[in-house]
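Given the structure of chain R, go ahead and fit chains E and A onto it with the hints provided.
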Amino acid sequence: MRLFRWMIGVVLLAVFCYFNFFVYTGQIYFKLINVILVSALFVLFRVIFGPSPADRIVAVDILGVLIVGMLALLGLQYDQGFLLDIGLIWALLSFIASLAFAKILEGRSLDD
Amino acid sequence: MSLAVKSKIVVFVLAMLVWLALTGLGRQEIISGFVVALLVSTMAGQFLITTHKQKHLLHRWLYAVLYFFKFLWEMIKANVHVAYIVLHPLVPIKPGIVKIKTNLHKDAAITVLTNSITLTPGTLTVDVNEEKKEIYVHWIDVKATGIEECTKEIGARFESVLREVFE
Amino acid sequence: MIREMVGMAFIFIGITFDFFGVLGLVRLPDVYNRLQAATKCVTFGSAGILFGAFILQGFNSFGFKALIGIAFIFLTSPVAAHAISRAAHRARIPLAKETIVDEYEKDKELKEQTT
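Keeping their order, the protein sequence lines are chains R, E and A.
Be aware that the first sequence starts at 1052, since it is given in our numbering, and climbs by one per residue.
Be aware that the second sequence starts at 3, since it is given in our numbering, and climbs by one per residue.
Be aware that the third sequence starts at 16, since it is given in our numbering, and climbs by one per residue.
Careful, some of the hints might be misleading.
Pairs of lysine-lysine residues, derived as BS3-like cross-links and limited to a Cα-Cα distance of at most 27 Å, are as follows [to be verified]:
#: 1; chain 1: E; residue 1: Lys154; chain 2: E; residue 2: Lys103
#: 2; chain 1: E; residue 1: Lys108; chain 2: R; residue 2: Lys1154
#: 3; chain 1: E; residue 1: Lys135; chain 2: E; residue 2: Lys103
#: 4; chain 1: E; residue 1: Lys103; chain 2: A; residue 2: Lys121
#: 5; chain 1: A; residue 1: Lys121; chain 2: E; residue 2: Lys145
#: 6; chain 1: E; residue 1: Lys103; chain 2: E; residue 2: Lys134
#: 7; chain 1: E; residue 1: Lys154; chain 2: A; residue 2: Lys121
#: 8; chain 1: E; residue 1: Lys135; chain 2: R; residue 2: Lys1154
#: 9; chain 1: A; residue 1: Lys112; chain 2: E; residue 2: Lys96
#: 10; chain 1: E; residue 1: Lys154; chain 2: E; residue 2: Lys79
#: 11; chain 1: E; residue 1: Lys79; chain 2: E; residue 2: Lys96
#: 12; chain 1: E; residue 1: Lys134; chain 2: R; residue 2: Lys1154
#: 13; chain 1: A; residue 1: Lys121; chain 2: E; residue 2: Lys134
#: 14; chain 1: E; residue 1: Lys135; chain 2: A; residue 2: Lys121
#: 15; chain 1: E; residue 1: Lys134; chain 2: E; residue 2: Lys154
#: 16; chain 1: E; residue 1: Lys154; chain 2: E; residue 2: Lys108
#: 17; chain 1: E; residue 1: Lys103; chain 2: E; residue 2: Lys145
#: 18; chain 1: E; residue 1: Lys103; chain 2: E; residue 2: Lys72
#: 19; chain 1: E; residue 1: Lys96; chain 2: E; residue 2: Lys145
#: 20; chain 1: A; residue 1: Lys121; chain 2: E; residue 2: Lys96
#: 21; chain 1: E; residue 1: Lys145; chain 2: A; residue 2: Lys112
#: 22; chain 1: E; residue 1: Lys154; chain 2: E; residue 2: Lys135
#: 23; chain 1: E; residue 1: Lys145; chain 2: E; residue 2: Lys72
#: 24; chain 1: E; residue 1: Lys154; chain 2: E; residue 2: Lys72
#: 25; chain 1: R; residue 1: Lys1154; chain 2: A; residue 2: Lys121
#: 26; chain 1: E; residue 1: Lys145; chain 2: E; residue 2: Lys135
Residues of chain A clear of chain E, computed beta-carbon distances all greater than 12 Å [claimed, not checked]:
#: 27; residue: Ile17
#: 28; residue: Arg18
#: 29; residue: Val21
#: 30; residue: Met23
#: 31; residue: Ala24
Reference excerpt, derived from the structure (chain R facing chain A, CB under 8 Å, subset only) [what the hints assert, rightly or not]:
#: 32; residue: Ile1087
#: 33; residue: Phe1093
#: 34; residue: Phe1096
#: 35; residue: Arg1097
#: 36; residue: Ile1108
#: 37; residue: Val1119
#: 38; residue: Gly1120
#: 39; residue: Gly1132
#: 40; residue: Gly1138
Hints were generated in silico from the structure; no laboratory data involved.
The beta carbon of each residue, even a glycine, is placed where N, CA and C say it ideally should be.
Next up, chain R with everything else stripped away, as it sits in the complex (with noise of 0.2 Å):
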């Protein structure tokens, strides 16, 4: 059953792989962002199924830092230097909100 779901997995991956690289014909970027468009469908699946609250958590922390590599790629396709920045501030905001969610779910309130 296992072998089966991970053999299901691979031929889905394999066909995104050939529409996105083969198939699809735009800037050599474009594609790169589509397989981060990807990466973060895969991180809402578990903000939205997470079975405990930290796992929802975790996908929110992993989302910030993915965002940033996905500006990087946007700033180098248009050669924007100012999408760096919305980068920076977005991953200090997302580390300061991961911090805040630990605190809060470790039962603390915020202000001691």
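Chains E and A in isolation, oriented as in the chain R frame:
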């Protein structure tokens, strides 16, 4: 010169350099960066350096470079290990939380050690007991459960270099 | 020419490890294992993408921002992972059933008895 003043000067220079690298050289940027760096370093500058130095500066920097390359190598190994586990059809894991000991004393050294443990193969720092100098580590592939073996397996590869850098 | 090839190679490696980390987030059984896989691989992957951007752009404003971003990610990501794992363990979120040893739980019970 007291220690707090020295620490504030170091914080001011670092903040100014980071600001100039982020924005570029212009009159407005230099003036606003100067004001903000002065504000930050007078308000929160005394926490960076808290003890006097004991060893020669060059000695510490050489060991810091050595530590950097060692850390990079361990990190590449960690990523290949995680990729192997994730791509394997049966997910071969054997997790557990173990306890290791450390001999470092400074807060900065323990922070760097725990961050390195988090980013190296199969281990994740869960908590630090500061009085007894023990670190609780979640290990994805447990090979030993005793405290001595775990210390030798996890912490010893960084601790000897970190002692040269920080103490 | 060779600079562009090296930069693109770093970006490809980074995106591959990003994807593996997110796959680990979906496949592994409990919070702590997911946190391990995701933190390691996504940190390394995003740092790889930023370093590739630095190589492609050279020493201008964009490149310096990429370097500062690498330092920032390496400093903050393990701290967030540590905080989340500690909070999850104190909130009594159960470990996976494959777990073979849990020293932290033993010591916590011992601490609560003595105090």
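Evaluation of the provided hints:
1. E:Lys154 to E:Lys103: With Cα atoms ~9 Å apart, Lys154 (chain E) and Lys103 (chain E) stay inside 27 Å; holds.
2. E:Lys108 to R:Lys1154: Distance ~25 Å between Lys108 (chain E) and Lys1154 (chain R) Cα, so the pair holds.
3. E:Lys135 to E:Lys103: Holds, at roughly 6 Å.
4. E:Lys103 to A:Lys121: holds (17 Å)
5. A:Lys121 to E:Lys145: holds (19 Å)
6. E:Lys103 to E:Lys134: holds (8 Å)
7. E:Lys154 to A:Lys121: Holds: Lys154 (chain E) and Lys121 (chain A) sit about 22 Å apart, inside 27 Å.
8. E:Lys135 to R:Lys1154: Judged against 27 Å, a Cα distance of about 24 Å means the pair holds.
9. A:Lys112 to E:Lys96: holds (10 Å)
10. E:Lys154 to E:Lys79: holds (18 Å)
11. E:Lys79 to E:Lys96: Cα-Cα ~18 Å, so holds.
12. E:Lys134 to R:Lys1154: holds (24 Å)
13. A:Lys121 to E:Lys134: holds (16 Å)
14. E:Lys135 to A:Lys121: holds (17 Å)
15. E:Lys134 to E:Lys154: With a Cα-Cα distance of about 18 Å, the restraint between Lys134 (chain E) and Lys154 (chain E) holds, given a limit of 27 Å.
16. E:Lys154 to E:Lys108: holds (21 Å)
17. E:Lys103 to E:Lys145: Answer holds: Lys103 (chain E) to Lys145 (chain E) is near 17 Å, not above 27 Å.
18. E:Lys103 to E:Lys72: holds (21 Å)
19. E:Lys96 to E:Lys145: holds (9 Å)
20. A:Lys121 to E:Lys96: holds (19 Å)
21. E:Lys145 to A:Lys112: holds (18 Å)
22. E:Lys154 to E:Lys135: holds (15 Å)
23. E:Lys145 to E:Lys72: This hinted pair holds, its Cα atoms lying about 22 Å apart.
24. E:Lys154 to E:Lys72: holds (17 Å)
25. R:Lys1154 to A:Lys121: holds (23 Å)
26. E:Lys145 to E:Lys135: With a Cα-Cα distance of about 22 Å, the restraint between Lys145 (chain E) and Lys135 (chain E) holds, given a limit of 27 Å.
27. Ile17: Non-interface label on Ile17 (chain A) holds, nearest chain E Cβ at 22 Å vs cutoff 12 Å.
28. Arg18: holds (21 Å)
29. Val21: holds (17 Å)
30. Met23: Correct as stated: the minimum Cβ-Cβ distance to chain E is 19 Å, above 12 Å.
31. Ala24: holds (14 Å)
32. Ile1087: At about 6 Å, which falls below the 8 Å cut-off, the nearest Cβ of chain A leaves the hint on Ile1087 (chain R) intact, so it holds.
33. Phe1093: Hint holds; Phe1093 (chain R) Cβ to chain A Cβ min 5 Å, cut 8 Å.
34. Phe1096: Cβ of Phe1096 (chain R) sits 6 Å from chain A, so the hint holds.
35. Arg1097: OK, holds: Arg1097 (chain R) within 8 Å of chain A, min 6 Å.
36. Ile1108: holds (6 Å)
37. Val1119: holds (5 Å)
38. Gly1120: Since the shortest Cβ distance to chain A is 4 Å, the answer is holds.
39. Gly1132: This interface hint holds because 5 Å falls under the 8 Å limit.
40. Gly1138: Status holds, d = 6 Å.
Consistency note: the structure conflicts with none of the earlier hints.
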